[in-house]
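Next come the chains, spelled out residue by residue.
2 protein chains.
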Amino acid sequence: MEKKWVFRFDEVELAEKYAGGGWDAVRGLLGGKGANLAQMNRIGVSVPPGFTVTTEACNVYLAADEIFPEGMWEQEIAALEAIEVQTGKKFGDKDNPLLVSCRSGAKFSMPGMMDTVLNIGLNDETAEGMAKLTGDERFVYDSYRRLVQMFGSVVTEIPDETFEEVIQAARAERGVKSDADLTAEDWKSITSTFKVIFRQHAHQNFPDDPMQQLRMATEAVFKSWNGKRAVDYRNAAGIPHDLGTAVSIVTMVFGNMGDDSATGVAMTRNGSTGEKHIEGDYLINAQGEDVVAGIRMTKEISALKNELPDAYTELQDIMQRLEKYFREMQDVEFTIENGKLWMLQTRDGKRTAQAAVRIAVDMVEEGLISKEEAVLRVTPTQVDFFLHPQFDRQEMKKARQEGNLFATGLNVSPGAAFGVVAFDANLAEKWAKDGKPVIMVRPETRPDDVHGMLAANGILTSRGGRTSHAALVARQFGKPAVVGVSALDINLGKRFMSINETVVKEGEWISLDGNTGKVFLGELKTFIPDIKDKWLMKLLAWADEIRKLGVWTNADYPVDAQRARDYGAEGIGLCRTEHMFFEAERLPHFQKMIMTDLPSERREALDELLPFQREDFAGLFTAMDGLPVIIRLIDPPLHEFLPNHVDLLRELSDLKIRIKEAGTLADINELLQNIREKERILRRVEMLREENPMLGLRGVRLGLHFPDLTVMQVRAIFEAACQVAKEGITVYPEVMIPLTSHVNELKIQRDVLEREAKIVMAEQNIRINYKFGTMIEIPRAALTADQMAEYVEFISFGTNDLTQTTFGISRDDAEAGFLLDYLHRGILPDNPFATIDRDGVGRLMDIAVTKGRKVNPKLECGICGEHGGDPKSIRLCHELGLTYVSCSPFRVPIARLAAAHAALKEKK
Amino acid sequence: MEKKWVFRFDEVELAEKYAGGGWDAVRGLLGGKGANLAQMNRIGVSVPPGFTVTTEACNVYLAADEIFPEGMWEQEIAALEAIEVQTGKKFGDKDNPLLVSCRSGAKFSMPGMMDTVLNIGLNDETAEGMAKLTGDERFVYDSYRRLVQMFGSVVTEIPDETFEEVIQAARAERGVKSDADLTAEDWKSITSTFKVIFRQHAHQNFPDDPMQQLRMATEAVFKSWNGKRAVDYRNAAGIPHDLGTAVSIVTMVFGNMGDDSATGVAMTRNGSTGEKHIEGDYLINAQGEDVVAGIRMTKEISALKNELPDAYTELQDIMQRLEKYFREMQDVEFTIENGKLWMLQTRDGKRTAQAAVRIAVDMVEEGLISKEEAVLRVTPTQVDFFLHPQFDRQEMKKARQEGNLFATGLNVSPGAAFGVVAFDANLAEKWAKDGKPVIMVRPETRPDDVHGMLAANGILTSRGGRTSHAALVARQFGKPAVVGVSALDINLGKRFMSINETVVKEGEWISLDGNTGKVFLGELKTFIPDIKDKWLMKLLAWADEIRKLGVWTNADYPVDAQRARDYGAEGIGLCRTEHMFFEAERLPHFQKMIMTDLPSERREALDELLPFQREDFAGLFTAMDGLPVIIRLIDPPLHEFLPNHVDLLRELSDLKIRIKEAGTLADINELLQNIREKERILRRVEMLREENPMLGLRGVRLGLHFPDLTVMQVRAIFEAACQVAKEGITVYPEVMIPLTSHVNELKIQRDVLEREAKIVMAEQNIRINYKFGTMIEIPRAALTADQMAEYVEFISFGTNDLTQTTFGISRDDAEAGFLLDYLHRGILPDNPFATIDRDGVGRLMDIAVTKGRKVNPKLECGICGEHGGDPKSIRLCHELGLTYVSCSPFRVPIARLAAAHAALKEKK
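Top line first, the protein sequences correspond to chains R and U.
The opening residue of the first sequence carries number 7 in the working numbering; numbering runs sequentially from there.
The opening residue of the second sequence carries number 7 in the working numbering; numbering runs sequentially from there.
Simulated from the structure, these hints should not be mistaken for laboratory data.
It is possible that part of the hints are untrue.
Intra- or inter-copy, both count: the list cannot distinguish identical chains.
Claimed, not checked - Below, in silico cross-link-like pairs of lysine to any residue (SDA-like), each with a Cα-Cα straight-line distance of 25 Å or less:
| # | residue 1 | residue 2 |
| --- | --- | --- |
| 1 | LYS282 | LYS305 |
| 2 | LYS878 | GLN793 |
| 3 | LYS753 | ILE833 |
| 4 | LYS753 | HIS830 |
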């Protein structure tokens with residue numbers, strides 16, 4: 007049998023057989039557009055007669071140095087003849103000419119990336135014939151010039167401006183503003199001019215022969231597959247380069263044949279809300295482009311019911327059938343030519359996050375799709391939308407048009423926020439207390455900025471990357487944030503910031519969008535989507551039925567724990583105890599503990615801190631009644647709790663200069679005293695200072711060095727647990743030892759701590775179910791997890807640190823520096839701090855889980871790094887067989903969905 | 007058959023059969039001492055009759071709550087009776103009493119750790135009989151009191167001082183200074199007093215019954231196995247606790263029976279030089295203890311030839327036989343009783359490093375042992391001895407006695423040095439040029455101190471650890487160094503250092519011993535062992551025949567390369583190009599390159615540097631003619647080449663204060679200009695500053711960020727290679743890209759660099775054999791070595807950095823801090839920066855080699871971290887199948903030996 011390069015729309019069964027492998031293969035062979043047209047034809051929807059030249063033909067053409075495969079052109083002519091029979095028109099016939107369009111269509115939609123030529127078949131003769139036939143000369147010559155124009159730009163790559171300038175000149179000459187005011191004669195003359203342009207650029211005459219037009223258009227579409235635009239798009243979208251494009255040849259139909267003609271677009275459901283009713287726009291006596299171009303005011307689709315009731319009823323019916331057939335909301339284009347409805351295209355409809363959720367859930371309830379399909383149809387990003395305030399799209403567009411886009415940075419924490427600018431944490435807190443919405447702006451943030459960040463509505467920094475302190479805290483607390491705006495110049499002294507000429511003073515309003523990283527001048531309105539949305543709740547419940555991974559949360563405060571629980575968290579995977587030490591009434595005690603050399607003073611300070619910690623933990627346990635709570639013992643290096651070294655040096659320098667200028671003895675004495683105190687602190691800071699604090703005295707190393715501190719923390723945990731247990735709360739504390747790299751650290755530290763736990767339980771005369779575990783955040787810990795597993799009941803991957811040590815990258819330094827460069831240049835495929843690096847970090851996790859469970863089959867394995875809320879990483883965690891992922895409260899719903907996706911994708 | 011608990015010395019065949027498994031098993035059963043006594047007896051050497059109670063008996067006794075195993079005591083009595091028959095004496099007989107000693111003896115020598123009781127069998131009656139028999143009442147009662155004293159301290163743990171005080175009192179009463187002046191009567195009375203003391207402490211009488219003495223002494227030796235001293239010793243020496251000790255009961259013989267009696271010690275070869283002649287000391291008419299105690303002046307063993315020629319000839323003959331038999335230099339104890347020679351002990355003799363080498367080599371040439379055995383008998387530490395100047399032991403002892411020990415720190419680089427103290431690099435260099443020996447003293451060192459360190463004879467710092475900059479550089483250049491003397495207070499301003507009250511001013515003399523970490527006041531004499539020692543050369547040549555691992559060296563300069571080659575290096579495994587940038591004439595260009603923002607200025611600076619680098623490389627290639635040279639591209643972060651950040655801040659602060667005090671306008675202007683320049687540098691330093699520079703912009707990241715720099719380096723490498731190749735040198739350059747963590751880094755960087763290499767070769771019109779490779783110093787690189795192996799011909803483990811990232815430890819911070827604590831507390835068994843951590847870093851290396859070679863079977867795998875010179879680590883490298891180890895020139899001979907050991911130990 008001869009190789010089949012061309013399939014008529016009524017040959018879809020043949021195409022299916024030929025392609026093998028079901029609908030996906032047909033789409034691969036005929037492209038999305040061609041396949042859907044043929045499909046509509048099959049189910050009895052009226053589609054203008056036509057055919058599709060396959061992607062295979064395209065690939066052979068391109069591979070063979072742009073020569074059509076043998077037999078292809080003959081098949082195309084044969085298919086064209088079949089159309090002539092179906093339509094009763096004839097290609098190139100001057101009395102009753104057949105016009106066709108030539109459209110590209112690849113397997114995956116690449117909007118605007120490839121080319122289309124309309125009105126093929128027009129030449130001077132057929133144009134005249136058409137004019138007679140339609141009685142609308144102006145429309146015909148408009149169509150004709152469009153053919154020449156499209157042909158010119160598509161086939162010979164003449165810049166479109168070259169043609170548009172001619173039209174502009176014509177408008178000017180006529181003294182009219184709009185193309186609509188140009189006459190048939192004008193278009194005729196423009197067409198002539200276009201042909202001259204064509205000849206000049208293409209060094210050949212515009213082909214009068216319709217067959218040659220068709221041939222050249224087919225070739226042009228084939229070639230467009232390798233056009234720069236298309237290649238770039240595929241690179242960006244991750245579409246393979248070897249798919250090729252199909253070419254669909256479709257009989258032209260016209261919606262501008264009179265008042266019984268129309269053209270329009272419609273969707274089977276509301277794309278914004280997801281409600282189940284047809285939405286769309288149309289125009290009577292118009293062409294498809296007119297609807298999109300917005301030259302004339304379109305009408306709501308419902309009006310068609312009155313204007314052309316038969317066509318409307320048929321459209322309604324067809325749309326229902328299409329949706330049922332494709333099992334997905336459809337977006338169609340149609341044309342009514344003299345009362346006859348033609349469907350020109352159908353495809354899956356675009357929709358908002360809200361609509362996506364509602365449509366997926368509704369379709370399950372309508373019996374159209376399964377729960378699993380519904381869960382897979384909603385993306386984690388769409389769920390994220392429900393969790394944060396958003397700017398209205400129109401507002402943002404307007405602001406940009408008005409020149410109010412101030413800056414663009416890293417979109418590190420989603421959601422929208424507006425407020426007055428405050429340049430320090432205390433002021434942010436004060437203004438927030440006064441009821442003002444605040445955006446806190448800093449070069450970068452430190453732990454002692456957290457109170458201001460909590461009070462603010464949004465956070466903006468000029469330094470730092472995706473896992474900078476600002477980004478981490480912002481995500482943790484669901485605060486919209488934009489960081490790393492390197493162009494931003496912040497003058498803390500004079501209290502203003504600027505980019506180039508634009509200056510924003512403290513107290514002035516800005517708005518920032520954590521979704522896009524954009525910062526606007528002034529106040530943009532926000533709205534808050536409803537997380538309790540009943541469709542979302544239903545969908546997430548289905549996700550819970552499907553997923554194998556537990557979803558826990560990282561939470562340090564009862565309010566966060568409660569929120570996470572409302573969002574569906576099944577435990578706390580990480581409570582960072584050190585955050586508690588930064589609060590105003592606690593920090594002095596903690597600093598005292600660090601500053602003293604006397605064991606008695608240290609113990610005294612710890613005694614002061616104990617009740618605070620106990621209260622913190624009691625709150626968490628109460629909020630998580632019945633669920634496990636993992637509390638990590640202190641982790642950061644102690645110098646983080648003291649003033650910054652360079653700041654101290656600068657302050658001292660200032661004081662020493664001021665003393666030179668001081669007038670009175672009293673002034674001098676005061677300054678001297680101040681200097682002495684600062685020097686005392688400086689000495690300690692210098693003692694604690696490390697070249698590479700990330701790899702220094704922190705985590706379990708601190709616990710082994712100053713056991714008093716971790717012993718106090720364990721006492722607080724168990725006193726709290728005993729206390730709330732007596733109040734009837736069911737409590738499962740799990741104590742997590744951070745940063746172990748050798749099993750001996752664990753052995754010793756656990757021993758000391760468990761002893762204290764037992765003492766407390768004996769004192770309180772109550773038994774608590776508890777576990778001890780460790781964070782795996784050092785490569786060596788992962789490599790020796792079998793040794794560790796003998797001494798712990800659980801391990802939890804701290805993938806932030808693990809990524810740093812596995813890559814040898816300091817994230818704070820790198821994300822503001824070379825890492826961005828690496829991502830731009832594609833040296834790294836993903837930011838490893840956003841998505842777990844499978845080959846390196848993932849491999850270590852695999853080793854740890856496998857080795858650990860071999861020794862201790864019940865070993866609970868979780869993840870509590872930032873990655874716990876990232877869908878790709880959740881997929882990996884599922885594959886590795888982790889017990890749970892733990893993420894910030896705001897990502898819990900996302901993680902529930904992503905975990906379900908992971909389970910479903912594995913099934914496949 | 008009854009279980010055998012006791013073996014007579016003449017039952018060694020039986021013991022061998024019983025133990026099974028050869029001589030090692032016999033030593034296990036009878037202990038080293040018992041086995042050797044039996045062995046001597048077998049080969050016809052006269053050993054006083056005796057027997058050994060087995061280690062098995064000891065273990066059963068200890069396990070059974072201190073009850074003798076069934077039949078043991080009966081066997082002991084039977085063996086005693088056999089002795090009585092052999093000696094003709096009778097245990098407890100007052101006329102001709104048999105006396106025995108009871109000696110502990112475990113499989114491995116534990117000197118002084120367990121107990122011995124002499125003269126068992128004495129009581130009031132037998133003492134009288136002995137006195138009659140010997141006619142030496144004083145000797146008998148001295149022996150008697152010794153029995154009571156040893157019995158008291160060994161059996162009932164009465165502190166020895168209790169007894170010694172009695173003797174002191176007696177001396178005082180008699181008005182004599184020495185025990186030798188006490189009479190028989192004195193000793194008799196002292197013996198009585200001892201018995202009273204015994205009764206008071208032990209709550210029982212001293213046992214008069216010899217059988218009871220024997221029984222209790224046997225038990226005491228058994229129990230001593232679990233004494234605290236013995237347990238501690240075994241823990242420290244890594245001896246298992248379940249071996250148990252044997253008990254040897256030996257007939258007492260006496261060298262103090264007159265002028266035909268004598269006692270002495272001797273070695274078969276000279277323990278200092280290894281020369282082959284008997285060495286030893288003896289005393290006529292004396293007891294063994296007298297020889298050791300040094301109360302009387304001993305005679306050279308050769309004198310015995312004249313005094314007791316028969317005994318001497320026999321001794322000579324026996325010693326030859328023993329050496330032949332044991333195939334090792336022997337150290338013996340002997341006693342001559344009335345002309346009859348008795349051998350009391352033989353064991354392997356202690357020796358110096360020099361002697362160890364010579365003896366091992368001589369024994370091969372004498373046909374006594376194989377080359378393999380000889381190689382195994384010399385330790386890497388003994389080879390190290392040959393490579394550094396040493397202090398005379400006597401000199402050091404004297405200095406300590408005279409109170410001149412100034413400080414103790416970390417012994418980071420072996421060898422001894424003396425010189426005048428210089429507190430900065432420039433002064434050190436100047437004084438050294440003036441011909442003064444210098445010890446450079448700094449709180450810690452930085453790259454710009456290197457010229458001073460090179461000029462100095464030794465280095466002393468108060469901060470930093472085993473892999474601090476000072477330690478690394480010192481080892482690299484073989485400079486003796488002591489670092490981390492935390493008690494040392496260095497006043498750079500006033501140019502002195504002090505510990506407590508002791509002050510050393512700049513220019514005063516000190517001596518430091520890098521072997522022990524001791525620092526002395528004043529000048530101690532040194533001597534330099536001969537590395538060209540012919541025996542050592544022979545031994546190392548044998549090691550070369552045996553080893554599988556290549557031994558390469560880390561060298562940056564031709565002079566080091568030449569030295570390493572003299573020491574046997576087979577290539578350069580690491581040349582650190584950045585060291586070259588610190589030299590005085592180059593640093594300004596390099597700093598200019600860093601400071602500028604203009605590409606043209608940067609290129610200009612690089613052009614200035616190119617000839618320097620080319621010259622460096624040409625020198626290395628010439629020195630290594632015919633051998634491979636691995637050159638690592640720039641690795642450290644750029645800020646290391648600029649002034650220190652905190653120093654700059656302090657200097658600026660000072661300048662700003664000085665400006666307040668400045669008098670003239672000219673002064674102010676000058677200061678202002680100075681401030682402006684410093685601020686300019688400060689800005690760049692702050693731009694380059696990183697939180698964790700170890701994990702920051704360095705290695706290949708620099709190469710990708712500023713390709714100009716690495717391209718210049720590659721050009722210099724290939725220009726140099728082409729140049730020397732034309733001069734007839736055979737050159738194998740290997741370009742090493744540092745700090746890769748992702749294969750894409752390698753792919754891109756290699757591409758850029760290889761292109762430059764090809765350009766140079768085309769320009770020079772000559773082809774060079776070259777390789778490209780990468781350092782594996784990041785866990786991710788090891789985990790993905792299969793990916794890397796597609797783009798490189800070699801990999802080299804940078805185990806310093808790999809250890810840091812695998813452990814999450816910053817060595818500079820940790821070795822001055824918690825790591826020491828970890829080692830003291832045994833949390834880490836070894837310093838992972840000294841010996842490769844097998845379970846973590848070793849595992850990663852294993853993964854990398856296995857995966858890498860799977861993809862690229864010819865992959866050259868080496869190690870160039872500090873560990874490359876550590877014997878334990880070399881063993882691991884051998885097991886992993888590396889191609890070579892690379893270490894500092896001074897460790898090349900050590901590595902050659904250690905690599906041979908690794909190969910031999912694997913064979914076993």
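We went through each hint and held it up to the structure:
Only within a single protomer do LYS282 and LYS305 lie at most 25 Å apart by alpha-carbon distance; the minimum there is 19 Å, versus 116 Å between protomers. For the homomeric pair LYS878 and GLN793, the shortest alpha-carbon distance between copies (22 Å) is at most 25 Å, but the shortest distance inside one copy (29 Å) is not. Taking the shortest Cα distances, LYS753 and ILE833 sit within 25 Å of each other only across copies (9 Å), while inside one copy they are farther apart (41 Å). In this assembly of identical chains, LYS753 and HIS830 lie within 25 Å of each other by CA distance solely across copies; the values are 16 Å between and 44 Å within a copy.
Going down the numbered hints, you'll see the structure goes against none, and every one checks out.
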